[in-house]
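First to last, the protein sequences are chains A and B.
Residue numbers 181 to 675, in our numbering, belong to the letters of the first sequence in order.
Residue numbers 181 to 675, in our numbering, belong to the letters of the second sequence in order.
One or more of the hints may lead you astray.
Put simply, identical chains are the same to the list, so a pair is met inside one copy or across any two.
[What the hints assert, rightly or not] The calculated BS3-like cross-link candidates involving lysine-lysine, where the alpha carbons are at most 27 Å apart (straight line), are:
| no. | residue 1 | residue 2 |
| --- | --- | --- |
| 1 | K586 | K226 |
| 2 | K586 | K224 |
| 3 | K586 | K209 |
| 4 | K226 | K209 |
| 5 | K278 | K224 |
| 6 | K531 | K516 |
| 7 | K642 | K209 |
| 8 | K233 | K278 |
| 9 | K226 | K516 |
| 10 | K516 | K233 |
| 11 | K226 | K610 |
| 12 | K586 | K233 |
| 13 | K523 | K209 |
| 14 | K586 | K610 |
| 15 | K209 | K278 |
| 16 | K278 | K516 |
| 17 | K209 | K531 |
| 18 | K555 | K610 |
| 19 | K224 | K531 |
None of these hints come from the bench; they were simulated from the model.
Protein chains: 2
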Amino acid sequence: MVSDVVSGLDEVFHPTSVAVVGASSTFGKWGQMILTNIIGGGFKGKIFPVNPKSRTICGLRAYRAISEIPDSVDLVFITVPARMVPEVLNQCGAKGVKGAVVISSGFSETGDEGRLLEQEIVNICRRYGIKLIGPNTMGIISPYAGLFATGVHSRPGPGPVAFISQSGNMGNQLIHWARQQGIGISLFVGSGNEAMLGCTDYLEYLEQDPNTRIIMLYLENVRDGRRFLEVAARVNYEKPIILLKGGRTQAGISAAASHTGAMGGEFRIFQGACRQAGLISVDAPAELLDLSAGFSSLPLPKGNRVGIVTLGGGWGVVTADKCNENGLVVPPIPDKIVDTIGKYLPPFWSKGNPVDLVGTRDLEVPVVAVEELLKYEGIDAVITMGFVGRHELVSLLIQTTREVDKTAADWFLEQVESLSSRYEDDYVAKMVELMEKYEKPVIGVSLTRSEKGTVRPVDGEKYSGVFYETPENAVNALSKMVTYTLYHRRRRASL
Amino acid sequence: MVSDVVSGLDEVFHPTSVAVVGASSTFGKWGQMILTNIIGGGFKGKIFPVNPKSRTICGLRAYRAISEIPDSVDLVFITVPARMVPEVLNQCGAKGVKGAVVISSGFSETGDEGRLLEQEIVNICRRYGIKLIGPNTMGIISPYAGLFATGVHSRPGPGPVAFISQSGNMGNQLIHWARQQGIGISLFVGSGNEAMLGCTDYLEYLEQDPNTRIIMLYLENVRDGRRFLEVAARVNYEKPIILLKGGRTQAGISAAASHTGAMGGEFRIFQGACRQAGLISVDAPAELLDLSAGFSSLPLPKGNRVGIVTLGGGWGVVTADKCNENGLVVPPIPDKIVDTIGKYLPPFWSKGNPVDLVGTRDLEVPVVAVEELLKYEGIDAVITMGFVGRHELVSLLIQTTREVDKTAADWFLEQVESLSSRYEDDYVAKMVELMEKYEKPVIGVSLTRSEKGTVRPVDGEKYSGVFYETPENAVNALSKMVTYTLYHRRRRASL
Numbered sequence: 181m182v183s184d185v186v187s188g189l190d191e192v193f194h195p196t197s198v199a200v201v202g203a204s205s206t207f208g209k210w211g212q213m214i215l216t217n218i219i220g221g222g223f224k225g226k227i228f229p230v231n232p233k234s235r236t237i238c239g240l241r242a243y244r245a246i247s248e249i250p251d252s253v254d255l256v257f258i259t260v261p262a263r264m265v266p267e268v269l270n271q272c273g274a275k276g277v278k279g280a281v282v283i284s285s286g287f288s289e290t291g292d293e294g295r296l297l298e299q300e301i302v303n304i305c306r307r308y309g310i311k312l313i314g315p316n317t318m319g320i321i322s323p324y325a326g327l328f329a330t331g332v333h334s335r336p337g338p339g340p341v342a343f344i345s346q347s348g349n350m351g352n353q354l355i356h357w358a359r360q361q362g363i364g365i366s367l368f369v370g371s372g373n374e375a376m377l378g379c380t381d382y383l384e385y386l387e388q389d390p391n392t393r394i395i396m397l398y399l400e401n402v403r404d405g406r407r408f409l410e411v412a413a414r415v416n417y418e419k420p421i422i423l424l425k426g427g428r429t430q431a432g433i434s435a436a437a438s439h440t441g442a443m444g445g446e447f448r449i450f451q452g453a454c455r456q457a458g459l460i461s462v463d464a465p466a467e468l469l470d471l472s473a474g475f476s477s478l479p480l481p482k483g484n485r486v487g488i489v490t491l492g493g494g495w496g497v498v499t500a501d502k503c504n505e506n507g508l509v510v511p512p513i514p515d516k517i518v519d520t521i522g523k524y525l526p527p528f529w530s531k532g533n534p535v536d537l538v539g540t541r542d543l544e545v546p547v548v549a550v551e552e553l554l555k556y557e558g559i560d561a562v563i564t565m566g567f568v569g570r571h572e573l574v575s576l577l578i579q580t581t582r583e584v585d586k587t588a589a590d591w592f593l594e595q596v597e598s599l600s601s602r603y604e605d606d607y608v609a610k611m612v613e614l615m616e617k618y619e620k621p622v623i624g625v626s627l628t629r630s631e632k633g634t635v636r637p638v639d640g641e642k643y644s645g646v647f648y649e650t651p652e653n654a655v656n657a658l659s660k661m662v663t664y665t666l667y668h669r670r671r672r673a674s675l
Numbered sequence: 181m182v183s184d185v186v187s188g189l190d191e192v193f194h195p196t197s198v199a200v201v202g203a204s205s206t207f208g209k210w211g212q213m214i215l216t217n218i219i220g221g222g223f224k225g226k227i228f229p230v231n232p233k234s235r236t237i238c239g240l241r242a243y244r245a246i247s248e249i250p251d252s253v254d255l256v257f258i259t260v261p262a263r264m265v266p267e268v269l270n271q272c273g274a275k276g277v278k279g280a281v282v283i284s285s286g287f288s289e290t291g292d293e294g295r296l297l298e299q300e301i302v303n304i305c306r307r308y309g310i311k312l313i314g315p316n317t318m319g320i321i322s323p324y325a326g327l328f329a330t331g332v333h334s335r336p337g338p339g340p341v342a343f344i345s346q347s348g349n350m351g352n353q354l355i356h357w358a359r360q361q362g363i364g365i366s367l368f369v370g371s372g373n374e375a376m377l378g379c380t381d382y383l384e385y386l387e388q389d390p391n392t393r394i395i396m397l398y399l400e401n402v403r404d405g406r407r408f409l410e411v412a413a414r415v416n417y418e419k420p421i422i423l424l425k426g427g428r429t430q431a432g433i434s435a436a437a438s439h440t441g442a443m444g445g446e447f448r449i450f451q452g453a454c455r456q457a458g459l460i461s462v463d464a465p466a467e468l469l470d471l472s473a474g475f476s477s478l479p480l481p482k483g484n485r486v487g488i489v490t491l492g493g494g495w496g497v498v499t500a501d502k503c504n505e506n507g508l509v510v511p512p513i514p515d516k517i518v519d520t521i522g523k524y525l526p527p528f529w530s531k532g533n534p535v536d537l538v539g540t541r542d543l544e545v546p547v548v549a550v551e552e553l554l555k556y557e558g559i560d561a562v563i564t565m566g567f568v569g570r571h572e573l574v575s576l577l578i579q580t581t582r583e584v585d586k587t588a589a590d591w592f593l594e595q596v597e598s599l600s601s602r603y604e605d606d607y608v609a610k611m612v613e614l615m616e617k618y619e620k621p622v623i624g625v626s627l628t629r630s631e632k633g634t635v636r637p638v639d640g641e642k643y644s645g646v647f648y649e650t651p652e653n654a655v656n657a658l659s660k661m662v663t664y665t666l667y668h669r670r671r672r673a674s675l
């Protein structure tokens, strides 16, 4: 049975009409940032600005109050000062509004008076059956509903990764990074003060949300640890939960206490419980995204044995070290595979794993090497490095050649440029095809930082290419995916 | 007394004339990549292409052999097949060439035959007093001499960081990253097979090189461990050495053995010795650059007590945790400082360290907060987060506003845009000024990844702004700087 919380939230996160109370034309006000983001993000439903002093805002008719809006309203964003929020919510209740995102601050985070006010708005919402998000939240984004309603106007596309954050600025930053890295988002919620709905409720919602396959969580404190762990363990079994806990140390706990007004509890106990629940713990914000990219785009590895295919030796060494230090194994490979790959390489090549392709320019050999390793039952995953991102360096060489060698034929340089660019796209497509064929992950490392982002989707394919910026990020993501697989297997065996 | 190795190398790395033997117009050949990079990089000395089959290459007169060049030649790059290298070096010797960079592979890395050939070229170079770099190297760059001679046409500006790499592709990647991050380079040497000159020799050279203040080292194996450690310890006392050792684990050691043909030795023993010598060990390539940025641009911290000034609470929590986990302390701050900063903030602000500026838009308050912390004798360094990189988000907001609100005044939006952009530059300049005033480091974290790079120099100033992409990178760099300071202090006390 779907719980009440969950069924109601679906309408809140996929509204057909929204209102912004406190909507404004004044640049930089919350009521301006939220409204312009909703309009600019292309929300297809109705949008009602509410402001007693304006007739139109951003070309839309403005209303003096929620009660004056002629249509029904599913979701309301509230940016007016805290003391005005109860009255607005009362009007929302009378109007039959389903959800309210209270952006306004000045509640429990400010002291006793604010705490009373917060209790008051919870009571009003309960009375009317309004789902309350926040207060003191930086908003939500719901890309499948075309709804972007935060102060940050960075808009990642729809995708399988949900993100719940107890910190506003962490949310802003990670939304922006997600867009830059090409990570698709199913839902973002800044949970704010969690006066009514908390992280555990959102997890229960995401559990049954068909758009969500992976969940990122930034937590500073959990109200009801027992319920959280029970729900998280259950959800995590189907949808990996990647968790960054703020307040792991005394310094972090004090910092968290002073900015959210809540206590963090004993981290070691919490950490142990999370490990038992199989949650994937990280300790830095960037890791949340790295792991989301891997978990959402690649098949899970069935074990910890890694094949490495590298354009150059140094990277192979560094990556083998990192694998060892992270519980992964870089096993020897059979002579048969060595012989097959060796046909494409000079006689003095490394003849083992890592497969060092000694700077080859043969465009076929990296593909052959990756496939040979994937075929082999003694390898669970392949890390491939340097074949994507090389184009940027080729372009630099072409540019100099054009500048300094007037005899160089333009048509030829253009052909090289387009060949090299096309090769990278083909390589990504090939890796995706091989992942589907062998159901093993291929984790890429780009030779240079690319504008194209970490995740490189291929039209119509189940998996996407993932090309990290550094070998250490690739190894870290893979090793956490292995940990998750092993947990999953143990848990399945025990059920 | 300056050793012979060292005095000779100065002329090699600052040549007035160079030749490329194997120079070519064929796109993508080593002789083409090296020659075009030297020309395109703007080398001011004479450049002599050598190729028996061409009259001109890249508009320069080509010579059939070294012996036919009418002028003197300081430095020769050799890209012809290995078996032809001895004859070329003989000609170089007769010509009085001072140094040879042998790009060609096919020497000791390929087996016994290659090993003999390598010994032969060493003997020739010894006979003539030629400094031999390589063979099997990807080249050198010497930005102060305007000399860029590698296959990667990415050209970082001149600066205080030298980089010696035993791996070619690691070198390529890091040179490219250094340019992207704005890290200035004094010298890069790919040491290749180290047939004559090895890492220890280059360290001795860098010890007295006035352009070099920081040294990055990527090592896979060291021939003479005792001499290396002795020299490294001495050099490191004056110029911090940041070391990435490839082959830390068995998997890494086997990978290194197969690609360089040399054994790595026992890492734990080596690691212990490096720690005793005070070298700064890292375990990933990207860290080499992060630490170079910090060490080359900031004053060293005198202790481990950190003040944190953050635009938002979540980042403060995460950073405080990371500090604690890396041996740094985030101490409470006196009421007087709290009161001074509090004048600029709403009454419910965090009132402590981390100083959470709750999303302030007041452009003055972050500067005040940083200075108050720097002034305080209980703080050794400040981490400041979110005030640089915000401009990108402001731009996105301006863009939407322009799109959706036709009543928004263009002149006003333009003014906001330019104000916000200028503010970031002013903020960087102010941080640099404060570092000079208080001789304490200010480590920045950018809210978004910026095209402007990690290092932000300010005209005419001793220090530069450093703005990392993530809090964890900032904390890691700072904690290693503290470790170096403490080592330095202990060592000085014991001298």
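Hints, verified against the model:
1. K586 with K226: The answer is between: 19 Å across copies meets 27 Å, while 60 Å in one copy does not.
2. K586 with K224: The answer is between: 20 Å across copies meets 27 Å, while 55 Å in one copy does not.
3. K586 with K209: Classified as between; 17 Å across copies, 56 Å inside a copy.
4. K226 with K209: within (22 Å within a copy, 62 Å between copies)
5. K278 with K224: within (18 Å within a copy, 72 Å between copies)
6. K531 with K516: Only inside one copy: K531 and K516 sit 11 Å apart there, 67 Å across copies, limit 27 Å.
7. K642 with K209: For K642 and K209, neither the intra-copy (42 Å) nor the inter-copy (39 Å) Cα distance is at most 27 Å.
8. K233 with K278: within (26 Å within a copy, 81 Å between copies)
9. K226 with K516: Answer is neither; intra-copy 64 Å and inter-copy 52 Å both fail.
10. K516 with K233: neither (79 Å within a copy, 43 Å between copies)
11. K226 with K610: Neither: 43 Å inside a chain and 47 Å across chains, both beyond 27 Å.
12. K586 with K233: Only across copies: K586 and K233 sit 18 Å apart there, 67 Å inside one copy, limit 27 Å.
13. K523 with K209: Classified as between; 22 Å across copies, 65 Å inside a copy.
14. K586 with K610: neither (37 Å within a copy, 47 Å between copies)
15. K209 with K278: This pair counts as within: shortest intra-copy Cα distance 25 Å, inter-copy 67 Å.
16. K278 with K516: Neither: 64 Å inside a chain and 48 Å across chains, both beyond 27 Å.
17. K209 with K531: between (63 Å within a copy, 25 Å between copies)
18. K555 with K610: Intra 15 Å, inter 58 Å, cutoff 27 Å: intra-copy only.
19. K224 with K531: Neither. Shortest intra-copy (58 Å) and inter-copy (43 Å) distances fail the 27 Å Cα cut-off.
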